[in-house]
Amino acid sequence: KAGVTQTPRYLIKTRGQQVTLSCSPISGHRSVSWYQQTPGQGLQFLFEYFSETQRNKGNFPGRFSGRQFSNSRSEMNVSTLELGDSALYLCASSEGATNTGELFFGEGSRLTVL
Amino acid sequence: SQKIEQNSEALNIQEGKTATLTCNYTNYSPAYLQWYRQDPGRGPVFLLLIRENEKEKRKERLKVTFDTTLKQSLFHITASQPADSATYLCALQMDTGRRALTFGSGTRLQVQP
Chain R
1 KAGVTQTPRY LIKTRGQQVT LSCSPISGHR SVSWYQQTPG QGLQFLFEYF SETQRNKGNF
61 PGRFSGRQFS NSRSEMNVST LELGDSALYL CASSEGATNT GELFFGEGSR LTVL
Chain H
1001 SQKIEQNSEA LNIQEGKTAT LTCNYTNYSP AYLQWYRQDP GRGPVFLLLI RENEKEKRKE
1061 RLKVTFDTTL KQSLFHITAS QPADSATYLC ALQMDTGRRA LTFGSGTRLQ VQP
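Those protein sequence lines, which keep their order, are chains R and H. So the first sequence is residues 1 to 114, counted in my numbering. So the second sequence is residues 1001 to 1113, counted in my numbering.
These aren't lab readings, by the way, just hints derived from the structure by calculation. Just so you know, even glycine gets a beta-carbon here, dropped at the ideal spot from N, CA and C. Among the hints, erroneous ones may be present.
[Said to hold, decoys possible] Partial chain R-side listing against chain H, Cβ under 7 Å, derived:
(1) 56
(2) 102
(3) 106
(4) 107
This is chain R alone, in the form it adopts within the complex:
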């Protein structure tokens, strides 16, 4: 079974631009979560989608948004980029039938904002 796939793996943007990151979960997984990882703040929860609905949301500004498609693939978008948005953005999938259990993480999209 293929793992969680995130694209792009690396990208560089400038302040004020926007960015869209993509995540393809493991086949059959209906829950997709997004996390931001920085050296200072560690791993922080952004949001979780299940069956195209946002189920949970972390404490991030409205510039961070996401969506999930009917095939469970997910995208997250960050608008009006700031220097502090530079981070590794990780997507994780799970079967989603319950709210517990392990998360399967992708390798991440490393965003650098200049």
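Once you've looked at the hints, dock chain H against the given chain R.
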């Protein structure tokens, strides 16, 4: 305030010894606690999950304990190997209704041959 604390300094041990990593938390009441391993430049990999009503969980060379009174989890790797060198993250899930995990900052383990 709410905090999750893991040893910020790296843990260096000799091959064959038992590594013990600590996860302490304050002002949280997690229903579940998970441990993940993360290698440089890679995403975290799930290792073990323990529920609030469980004291101990084992999987091969790994053992996790969970003390809700002390608000602490211990993660043990027995017969450690250089391949166990990585950063280990603990993560709390507050209740079954919320899928979001709250992660500690991680402890870097270095196993010397």
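Each hint tested on the structure:
Here the hint on residue 56 (chain R) is kept, as its CB sits about 5 Å from the closest CB of chain H, short of 7 Å. Taken as an interface hint, residue 102 (chain R) checks out: its beta carbon lies about 4 Å from the nearest beta carbon of chain H, inside 7 Å. Here the hint on residue 106 (chain R) is kept, as its CB sits about 5 Å from the closest CB of chain H, short of 7 Å. Annotation: residue 107 (chain R) was flagged as interfacial toward chain H, and the flag holds, the nearest CB pair being 5 Å apart, inside 7 Å.
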